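Visitor: In case you want the letters, here they are:
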Amino acid sequence: MTVAAVVSAASVPAASVSAAAADSIPAPHIEYGVLSPLFVVFGAAVLGVLVEAFAPRAARWAVQVGLTVLGLVGAFVAVVLVASSDDWKGARAVVAEGAVTVDGPTLFLQGTILLLAFVAVLLLAERRLDPGPSGAFAAQASTVPGSPGEREATRAGAAQTEVFPLTLFAVGGMLLFPAANDLLVAFVALEVLSLPLYLLCGLARRRRLLSQEAAMKYFLLGAFSSAFFLYGIALLYGYAGSIRLSEIADAATQAQGSDVLLLSGVGLVTVGLLFKAGAAPFHAWTPDVYQGAPTAVTAFMAACTKVAAFGALLRIYYVAFGGLKWEWRPLMWGVAILTMLVGAVISLTQQDVKRMLAYSSIAHAGFVLVGVLAADDAGLRGVLFYLLAYGFATIGAFAVVTMVRDPAGEATHLSQWAGLGRRSPLVAGAFAIFLLSFAGIPLTSGFMSKYAVFSAALDGGASPVVVVAVLASVVAAFFYVRVIVLMFFSEPAADGPTVAVPSILTTVALALGVTVTLVLGVIPQPVLDLAGDAAAFVR
Amino acid sequence: MSFPYAPVLAAAEPASVAQASGTADLTWLLLAFPIAGAAVLLLGGRRTDRFGHLLGTLASAASFVVALVLWLDMAGRDVEERATIQKLWTAIDVGRFHVDIALQLDQLSMAFVLLITGVGTLIHIYSIGYMAHDPDRRRFFAYLNLFVAAMLLLVLGSDYFVVYIGWEGVGLASYLLIGFWGRNPAYATAAKKAFVANRVGDVGMSLAIILMFTTFGATDFVRVHAAAAGAGEGTLTAIGLLLLLAACGKSAQLPLQSWLGDAMAGPTPVSALIHAATMVTAGVYLIVRSGPIFDLAPTAQLVVAIVGAATLVFGAVIGLAKDDIKKALAASTMSQIGYMVLAAGLGPAGYAVAIFHLLTHGFFKAGLFLGAGSVMHAMNDTTDMRRFGGLRTAMPVTFVTFGLGYLAIIGFPLLSGFWSKDKIIETAFHEGGVEGWTLGVVALLGAGITAFYMTRVMVMTFFGPRRWAEDAHPHEAPAVMTAPMVLLALGSVFLGGILAYGGMLQDWLEPVVGGHGEEEGVTTLSPIVVTLLTLLVVAGGAAAAYLQYGRREVPVVAPVGSPATIAARNDLYQDAFNEAVLMRPGQYLTRSLVYADNRGVDGAVNGLAALIGGTSGRLRRLQTGFVRSYALSMLGGAALVVGALLLVRI
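The listed protein sequences correspond, in order, to chains A and B.
Going by my numbering, the first sequence opens with residue 964, and the numbers climb by one from there.
Going by my numbering, the second sequence opens with residue 15, and the numbers climb by one from there.
Treat the hints as calculated values from the structure; they're not laboratory data.
The structure displayed is predicted, hence computed values, not measured ones.
Glycine included, C-beta positions come from ideal geometry on N, C-alpha and C.
Among the hints, erroneous ones may be present.
Just a sample of chain A residues kept apart from chain B, beta carbon distances all over 12 Å, derived [as the list claims (entries may be wrong)]:
id, residue
1, Gly1228
2, Leu1304
3, Ile1486
Okay, the calculated beta carbon distance ranges per label pair [stated by the list, open to error]:
id, chain 1, residue 1, chain 2, residue 2, range
4, B, Asp611, A, Pro1094, 39 to 45 Å
5, A, Leu1481, B, Gly59, 44 to 50 Å
6, B, Ala653, A, Val1036, 41 to 47 Å
Part of the chain A face toward chain B, derived, beta carbon under 10 Å [what the hints assert, rightly or not]:
id, residue
7, Leu1172
8, Ser1227
9, Trp1248
10, Arg1292
11, Pro1489
12, Asp1492
13, Leu1493
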């Protein structure tokens, strides 16, 4: 699926009106230049599918990795060019017949997603930690685990290189999701980003059943939430007579029609968005999926999906439901508080590193929601900064998880991490930095991002939520520090896991994570300024 | 009150204190040598063991040479141009708060610098012999260098903030040196006690600096002293009392005197250094340096005088009963510093006199301590004077030098102590009124008691029958130890006369501390009468001691003695007092706080933590792993979300 198709499908209402008048079908006007990041990523993805079909098996992995990296880098360059071009600055606006908005937040979020996806792809491409032609992924996803078919596929050197085009499609959907200017485009983007993720989740080479179970759960619940989202769109269309965000906003201010229709629509759309963002009470899938999915995929999801989901949430809430602030704020207060408490409290008793990180991501979704509550540009700036900072830290943390291994694969049980700091001080130190950042300790990016969203929410009059947020941070800090204590102050088990030496790819990903986490903690101002400049939605 | 500080206020204008130039540019070298010495010896570790003592001594001596050069240079300049400030770098520049690390070398700091480096160097030399058999001699010299450097910074800083750095450095160095033999738990405790008592004083210092900043917006001498006249008397009194508290800590004055006796745990050269050249003189320096503040706060000034007078009697009384030669000398230091503080509390009339006594005391007390060290060295580290006696033949050099120090401290005519102590008593009487009479009589009485207990020390150690332990074979110390003793003895004899000749020291210090003061004093007793009275009292004290200890046999085991004797032996129950008034209530307070913390705060916190943990355990069970229950929770959530939105609108 390409953007052009999406765009033309979405612009049907406008086009059909003019078609009736001119008695012909005019070609939709597409601003290729400002949409180029999308085209580059989707183009690379389509090329990847072709590579899958035509390239010889031996060369496929290298070609796919190269193509993916090239696509992401190219798209990032395109984002930078669009953001910095003078022509474009005045024209920052709604494009593609009103289907897509390219404005400050869009470009910042797209840049963030591309950067994070780049780092995540480095983890996906890692093959030294789990030696084999397919790295951490199953040689052939369709074979039953342990079956003769699988053995044969492994022997033949089969590799699931579809991982890379799938990732690119997901990235494309993520780029479009926060840019969508009408709800139907948003829905399509949501599906484009979700479907590849469902597949990716089930591709783990080790613990296949857990992985496939995770994929199944994610798919079922994702479909369930999509239904809510779609139904919400239908109700809103029924209310406003349009799916364009700005027109829904206009209709809501004029207050014509049934409030029940409007508010039910808002509620159901919210359900779909909160599901993707992993907020309570729609978080139930997160721990199971994060645990079951291949760790590199988990890293990709945890960082990029969250950015895209919150980007879309921000746009829809700020643009379409901006006039309903007084209606949705109590709800969001409740959701934010519940999310933070559920994430922080349940993570206390987790015994699995990946599950712990999953609950931590739920808690962080709550913290980001605190920034959303501010409902002004300061809040937007804080959320943009938060997503960037959290994304790098979380990919780095999962990168460490991929490196701590025993003969059965990754050693994710917390008790196995005891004394890790004594055996591998560097890796454990990096993990400690990420945990401190999650806990919001000064001199790490986590502190600055928490400060940014909390202060924005405080100025926005949400002080009770900020109090809960700070308390939840305290609870959360407990289990982060507990892991640090476990790593550095416990005796290592004799037959405990070791830290495997990864290739340059994971090393670079980890180094980037540590660097960004520390740099944003010490000199956050340039990025905060950038986010501040970007923080204004075009309606 | 007339304003006696015209010269100082004139100097207080920033322009009138010359920026250091020419030879005065070398001021920083004073500090650089001992700091470098300490750094090399501490960082170099065991590699520097072989020459460590020589390097340390050399660093101190080099500093002394620089001091001499600077002194000659300063003396060669006109009076108005003598004070210089050398700015090294800016330490703090935040908003209105500006602190330069700058060294102010004026007549007052010059006097201290010469004393510290001069006497300090002699003590270094002596230590080469005294510590010859100690495996950690190198470390000892590193600490000595550190001590000297910190003390120099203290007297050279041109800003209370810089003084505070030196102040803390002195506290640290004294802790390290008193606890040098810290493997003995009692010695380690003594070091800790000194440190804690000093910390109490340090709090006063830091609060004073904070108060200065809030009042004047500055902490450097020039601006603070210039602006002092503009502040309210209440504020100035508060600053003065806080500075006094600081001075009490470092100078072992009531009520922070208790650490001094225990500080004898350190090697004897340390005692000499603490008591003569560094540390205890810091408090006197601080008060004299802050003269412009005290002069505007008569209440604080009076308290200073009272503290000094009380301490001088307190120390003297303790000295009467001590059988430990070092503790007797320590008590005498407390008493002599009391004299100086008393003088400093007398205002402009007394500042120069206080410094005068400080300088002469520096020489004879260092000499006495080094002599005591020499005796201990000879007597297998015994300090009990009841086991001495008759040492004058066995250790003639020590006997003569110690004897000259003794004569100096009791104020034997024409020796150093005579000039300076007499001056203090005289100045006290000059104050006039009830205050002057009381202080004068107390000072006079103190002189008598001093004569008594110092004679007692002298007689019990060097005269009478030999009461030595069986394995004692006293011998004279090596030349490296006796030479400094001889030099110090010379100072004990002549320094006072030289400095008193024609009011030389007072003239020298006048631009900094103000006029002589005789002119404005009330004539109560003429100087000659005071001198005669003092001599009479001193002679009486010495004679009484001789009758008691020289004519009668001194028992080897101390007799039980009267309640007064027992009280003095126990340092007048200073430790018991501290324990009862401060330590016990403090312990009760901490215990009750710990109890409240354990039961109340911890209980609440742990209970909360258990509650959250329990909640976590229960909530976890919601995560069943079944998609159906997840979907149900989502459905419930969706209903809640929509319901909440609709509810708001209703």
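Visitor: Look at each hint and say if it fits the structure.
Guide: Results of checking the hints against the structure:
no. : hint                             : result
1   : Gly1228                          : violated, 9 Å
2   : Leu1304                          : violated, 9 Å
3   : Ile1486                          : holds, 20 Å
4   : B:Asp611 x A:Pro1094: 39 to 45 Å : violated, 55 Å
5   : A:Leu1481 x B:Gly59: 44 to 50 Å  : violated, 34 Å
6   : B:Ala653 x A:Val1036: 41 to 47 Å : holds, 45 Å
7   : Leu1172                          : violated, 13 Å
8   : Ser1227                          : holds, 5 Å
9   : Trp1248                          : holds, 6 Å
10  : Arg1292                          : holds, 9 Å
11  : Pro1489                          : violated, 24 Å
12  : Asp1492                          : violated, 25 Å
13  : Leu1493                          : violated, 29 Å
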